[in-house]
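Undergrad: What follows is the residue order along each chain.
2 protein chains.
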Amino acid sequence: MIPSQSRPIGVFDSGLGGLTVVKELNRVLPSEDIIYVGDTARVPYGSKSPQTIMRYSRQIAFFLLKKKVKAIVVACNTASALALKSLQSLRIPVMGVIDPGARAAVQTSNSLKIGVIGTTATMGSHAYRRAIQKNKSRAAVWETACPLFVPLVEEGWLHHAITRSVAAEYLRPLLKKKIDTLVLGCTHYPLLKKTIQNVVGPKINLIDSAQATAEYVSRTLLSAGLVNANRRRGKISLFVTDRPRSFSRLASQFLGGKARPAAELSLDNF
Amino acid sequence: MIPSQSRPIGVFDSGLGGLTVVKELNRVLPSEDIIYVGDTARVPYGSKSPQTIMRYSRQIAFFLLKKKVKAIVVACNTASALALKSLQSLRIPVMGVIDPGARAAVQTSNSLKIGVIGTTATMGSHAYRRAIQKNKSRAAVWETACPLFVPLVEEGWLHHAITRSVAAEYLRPLLKKKIDTLVLGCTHYPLLKKTIQNVVGPKINLIDSAQATAEYVSRTLLSAGLVNANRRRGKISLFVTDRPRSFSRLASQFLGGKARPAAELSLDNF
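As you go down the protein sequences, you meet chains L and P in turn.
Residue numbering for the first sequence is 48 to 317, as defined by our numbering.
Residue numbering for the second sequence is 48 to 317, as defined by our numbering.
Please keep in mind that the hints were generated in silico from the structure rather than gathered at the bench.
Each hint should be verified, as a subset may be incorrect.
Claimed, not checked - Simulated DEER-style distance windows between Cβ atoms:
1. L:78 to P:240: 50 to 58 Å
2. P:310 to L:313: 24 to 32 Å
3. L:223 to P:215: 40 to 48 Å
4. L:135 to P:133: 35 to 43 Å
5. P:308 to L:223: 34 to 42 Å
6. L:135 to P:51: 52 to 60 Å
7. P:205 to L:292: 33 to 41 Å
8. L:135 to P:308: 29 to 37 Å
9. L:300 to P:77: 51 to 59 Å
10. P:115 to L:115: 45 to 53 Å
11. P:98 to L:135: 30 to 38 Å
12. P:133 to L:269: 31 to 39 Å
The beta carbon of each residue, even a glycine, is placed where N, CA and C say it ideally should be.
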């Protein structure tokens, strides 16, 4: 039997966005092996129903369990908002991106006027509002869905004038509320960080939950005695349900060549 | 056994867009029963691989066969481009939207300089170019993917200034080619017809393949002896793989209350 410490960490997302979390995990815990699943055959999750998001998340979690992971990181805000509780009945630690992001927001905000942006499903769940107010009950939270941000990122229009106009339109109501902190509640959004910062101005802190999540995972593994004590470099293995080649190309740009080419994971495995 | 003529026509799309075809079918063939499947749990198809699009299309076609349809209309340009051939091995007529659209374009165009817009997958298949040049070998065809149009329609920004800017950006290369005809090669795009016409100017003819497809289906059923001769109003039944309630609301606006509420079709049926 493989000792628990040397088992990989499982990470999943609906597509590419969760690689922002993988990158941070690999920085904070460089010895850990990581198995990543991107559900590119059914992306996006953000416009789908809670039932469907739970179903897809459970299927991927069971695949990761078969791969003998020691913990699962739900590196997708939508799945964290809607499926985390149901996955936490598994016998290994299962962590999402929302609690770490909410904690980072509360620590950063002086006025406790906090804006959150994300997909329609994440915003509709109010998971961020609950997580922020669990940490600080008197925090004021405004949530706004930005459904065009993911397609704009996928189109590669990261710094395009149109993206700036879309951001201005979506963020106007939050700016009126005089927020001092804005949570990027979708793993795609860090790629729009410059454009968003430009629109909201330099005084508003942007919270990218990838970093906060990696640190939270590190603390959780430590206290559970699950950290890999080996000094070797961890391996990153990628599985996607569609288009492994184009995914590999983007992932390699994104992770600086640290991952092997993505393998195709047939939906028949689910 | 039910006589073939009185059986329903099966229609499917990745989501809502194919209802443009249902509406036209119901106008041209008011006595026909229609069973529509929208694959809202896996929408969109336009960014996915040919293999995945074929797999999903076959699954839906088999569901429709179990419902004893007499013919299948693939009311999705992406699935028509990539899965039609494989579905045409079934024992009933299977028709797509691309051939009728291509024929209408050739009949309309004087200069035979024809632009086509659609999803990344449809444009990548060059199915329109092939279909147009099969009808008129000397036609010049330029194809451009417009991946943000579907998300803009789903956001409801049909007449928004940002949508106009996006359209101007996508259509600029086609306008430079002096096209006189533009095929709307995605069932969502007719909803942007006014904005697109505004951008390209009044001299360019827009081809919406829904109408051409309905007429083609009518001719095909007639020549196969499959038209329903009853004088009663046909029934429209809707099935979707996710979010039946929000789908029903939109479908009822769209079809003017002619369809019953959508039923949920579990992916377990596939």
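Undergrad: Verify the CB-CB distance for residue 98 (chain P) and residue 135 (chain L) against the hinted window 30 to 38 Å.
TA: holds, 34 Å
Undergrad: So does residue 133 (chain P) sit 31 to 39 Å from residue 269 (chain L), Cβ to Cβ?
TA: violated, 52 Å
Undergrad: Quick one: are residue 135 (chain L) and residue 51 (chain P) within 52 to 60 Å, going by C-beta?
TA: holds, 53 Å
Undergrad: Against the range 45 to 53 Å, how does the distance between the Cβ atoms of residue 115 (chain P) and residue 115 (chain L) compare: consistent or not?
TA: Once the Cβ atoms are compared, 46 Å apart, the range 45 to 53 Å for residue 115 (chain L) and residue 115 (chain P) holds.
Undergrad: Taking the beta carbons of residue 300 (chain L) and residue 77 (chain P), is their distance inside 51 to 59 Å?
TA: Hint holds: Cβ distance 54 Å, inside 51 to 59 Å.
Undergrad: With respect to the beta-carbon atoms only, verify the hint that residue 78 (chain L) and residue 240 (chain P) lie 50 to 58 Å apart.
TA: Because 57 Å falls inside the window, the suggested range holds.
Undergrad: Starting from the hint 33 to 41 Å, judge whether the C-beta atoms of residue 205 (chain P) and residue 292 (chain L) obey it.
TA: holds, 35 Å
Undergrad: The hint says 40 to 48 Å between residue 223 (chain L) and residue 215 (chain P); measuring C-beta to C-beta, is that right?
TA: violated, 29 Å
Undergrad: Mind checking the hinted window 34 to 42 Å against the Cβ distance between residue 308 (chain P) and residue 223 (chain L)?
TA: holds, 38 Å
Undergrad: When you take the CB atoms of residue 135 (chain L) and residue 133 (chain P), is the distance between them in 35 to 43 Å?
TA: holds, 42 Å
Undergrad: Holds or violated: the 29 to 37 Å window for the beta-carbon distance between residue 135 (chain L) and residue 308 (chain P)?
TA: holds, 35 Å
Undergrad: Against the range 24 to 32 Å, how does the distance between the Cβ atoms of residue 310 (chain P) and residue 313 (chain L) compare: consistent or not?
TA: Holds - the Cβ-Cβ distance for residue 310 (chain P) and residue 313 (chain L), about 28 Å, lies within 24 to 32 Å.
In summary, the numbered hints that this structure violates are 3 and 12.
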